[in-house]
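Engineer: Taken in order, these protein sequences are the chains called A and B. Residues in the first sequence are numbered consecutively from 1, following our numbering. Residues in the second sequence are numbered consecutively from 1, following our numbering.
Don't read these hints as lab results, they were simulated from the structure. Positions of the beta carbon are idealized from the N, C-alpha and C atoms, including for glycine. Do not take every clue at face value.
Stated by the list, open to error - Within a straight-line C-alpha distance of at most 27 Å, the following computed BS3-like cross-link-like pairs (lysine-lysine) qualify: (1) A/K64 to A/K95; (2) A/K169 to B/K226; (3) A/K64 to A/K48; (4) B/K79 to A/K176; (5) A/K120 to B/K129; (6) A/K120 to B/K79; (7) A/K156 to A/K39; (8) A/K120 to B/K150; (9) B/K140 to A/K120; (10) B/K129 to A/K169; (11) A/K52 to B/K129; (12) B/K150 to A/K176; (13) B/K79 to A/K39; (14) A/K48 to B/K150; (15) A/K176 to B/K129; (16) A/K169 to B/K79; (17) B/K129 to A/K31; (18) B/K129 to B/K109.
As the list claims (entries may be wrong) - Simulated restraints on C-beta separations: (19) B/H179 to A/Y152: 54 to 60 Å; (20) B/E227 to A/A22: 55 to 61 Å; (21) B/F177 to A/K104: 41 to 47 Å; (22) A/I149 to B/D163: 33 to 39 Å; (23) A/K105 to B/E84: 33 to 39 Å; (24) B/Q61 to A/E154: 54 to 60 Å; (25) A/R57 to B/E71: 57 to 63 Å; (26) A/R130 to B/S193: 54 to 60 Å; (27) B/G169 to A/D161: 28 to 34 Å; (28) B/T172 to A/S135: 38 to 44 Å; (29) B/I14 to A/E154: 29 to 35 Å; (30) B/H179 to A/V113: 30 to 36 Å; (31) A/S135 to B/S157: 18 to 24 Å; (32) A/D145 to B/H179: 54 to 60 Å.
Unchecked claim - Derived contacts from chain B toward chain A, CB cut-off under 7 Å, selection only: (33) V76; (34) L80; (35) G218; (36) N221; (37) I222.
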Amino acid sequence: MTKNILIYSFLLVVVAAAALWANQQFNRSSKIGWMDLPKVYDQFAYKKQLQKELESRQLATGNKVDSIEMELSVLSNLMNEDKGKESLINEHRRKGNMLLMQKKKLEEQLEEVRTDFHNKITMQLNQYVRDYAESQNYDLVLSADGSGILMYGERKIELTDNIVAYINKRYMGEPK
Amino acid sequence: MIKNHRPFILLLYICIMIAACTSVNSSAQKKEEAVASATSETSVGTTTNSSESPNTVTSYQEYFNWVRNPENGLNVSKKLGIFEYSLYYKPVLYEVLCTAGKQKWADKKRIHEQVKDLSSQQFFLFTIKVSTNEATELLKINLTSEEEYKERVNYCSFHIQNDLFLVDGNDTLPCSFAHFERAYNNASLLQFSLAFPSRSQQANNKIFICLDRLFDMGQINIRIPKEALLQIPNVKQDQL
């Protein structure tokens, strides 16, 4: 009888410990949150800052492209007027090609700037989101970006506003 | 057989039920904690140290040790990708003590004069580290050509100053001095001694801005909090 009591007590302790351990593991691995990535991206202070810079560059490039287009239209009129005068038409064509190349170069430069800015923003944003997850002991932070990877997330585990606040503080130099 | 062991089976059942209840309670508690932390997360880092009374130390050595202690908040780091950017605020007295060397600390009058002379400036040590396992020279990371390496050395030596700023209160100050300290023995580290004009008499949050053109990481902001600056100790008057 005493032997049985001992065996059952031991089993009891083992089962209780296993149940508690399983409970802890379940709770530990369940810290999951999600964020609305486009909203986080749009409200990131660095994005807003570079957006302004990009807009001013776009404006400057737009003005240059406009004046090139104006020159091209003048050339086109001249080509119509000088029909039959081969040497003049060739000259207009050469100038037109140069202007088109300039326009293409300006547009490419602007595209490079846009890509560069985007890379810088996402690089910093990714780091700060990682830091946020680590500091708040998240095991998984999912992002809803409209691509269908995350179709539904409960509001109570949404982290968008907290992440926006955190990444903006970190961008402004606040320690981790 | 089962009949004999019925009380123990019952006990086992009760135990499992208790464990299950604990599990339910603890997940409910965790959810509450999560909601509470979510509502308080927005105020992370905004708490300020209300104690504005300066500390006092009795010797230069004690002062020196205090400033060097990383726990006192004068050294702030920011990790971005494989790079770690650190800014170390060096109070004027500390800068003077470093420059003078320990053997000259006894000449307190001279130290005091040097502090007065340099008080129009504020000093920092800016460090860039890389956290890769490869023993690569930092300036050679993501290098596209040998020419680019020379350009980087040249940039660090002469031009980085133009891309460094300090927001001190309402002022945005340009860097008045930047010295590239080449650490030949530790090439995975870049160090710059910096000076900025000191215009404000009161302690403000200091936000250091680096427009990183070396590794193209964009704008790096590092903040030395006002609270840490207010804790910088005074050396007891009879020491001066």
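Engineer: Hint by hint, note whether the structure agrees.
Structural biologist: Results of checking the hints against the structure:
no.	hint	result
1	A/K64 to A/K95	holds (16 Å)
2	A/K169 to B/K226	holds (15 Å)
3	A/K64 to A/K48	holds (25 Å)
4	B/K79 to A/K176	holds (9 Å)
5	A/K120 to B/K129	holds (19 Å)
6	A/K120 to B/K79	holds (14 Å)
7	A/K156 to A/K39	holds (17 Å)
8	A/K120 to B/K150	holds (24 Å)
9	B/K140 to A/K120	holds (20 Å)
10	B/K129 to A/K169	holds (22 Å)
11	A/K52 to B/K129	violated (31 Å)
12	B/K150 to A/K176	violated (34 Å)
13	B/K79 to A/K39	holds (24 Å)
14	A/K48 to B/K150	violated (34 Å)
15	A/K176 to B/K129	holds (17 Å)
16	A/K169 to B/K79	holds (14 Å)
17	B/K129 to A/K31	violated (32 Å)
18	B/K129 to B/K109	violated (38 Å)
19	B/H179 to A/Y152: 54 to 60 Å	holds (56 Å)
20	B/E227 to A/A22: 55 to 61 Å	violated (44 Å)
21	B/F177 to A/K104: 41 to 47 Å	holds (44 Å)
22	A/I149 to B/D163: 33 to 39 Å	holds (38 Å)
23	A/K105 to B/E84: 33 to 39 Å	holds (38 Å)
24	B/Q61 to A/E154: 54 to 60 Å	holds (57 Å)
25	A/R57 to B/E71: 57 to 63 Å	violated (44 Å)
26	A/R130 to B/S193: 54 to 60 Å	violated (31 Å)
27	B/G169 to A/D161: 28 to 34 Å	holds (29 Å)
28	B/T172 to A/S135: 38 to 44 Å	violated (29 Å)
29	B/I14 to A/E154: 29 to 35 Å	holds (34 Å)
30	B/H179 to A/V113: 30 to 36 Å	holds (32 Å)
31	A/S135 to B/S157: 18 to 24 Å	violated (37 Å)
32	A/D145 to B/H179: 54 to 60 Å	violated (45 Å)
33	V76	holds (5 Å)
34	L80	holds (5 Å)
35	G218	holds (3 Å)
36	N221	holds (4 Å)
37	I222	holds (5 Å)
When the structure is compared with the earlier hints, violations turn up for hints 11, 12, 14, 17, 18, 20, 25, 26, 28, 31 and 32 and for no others.
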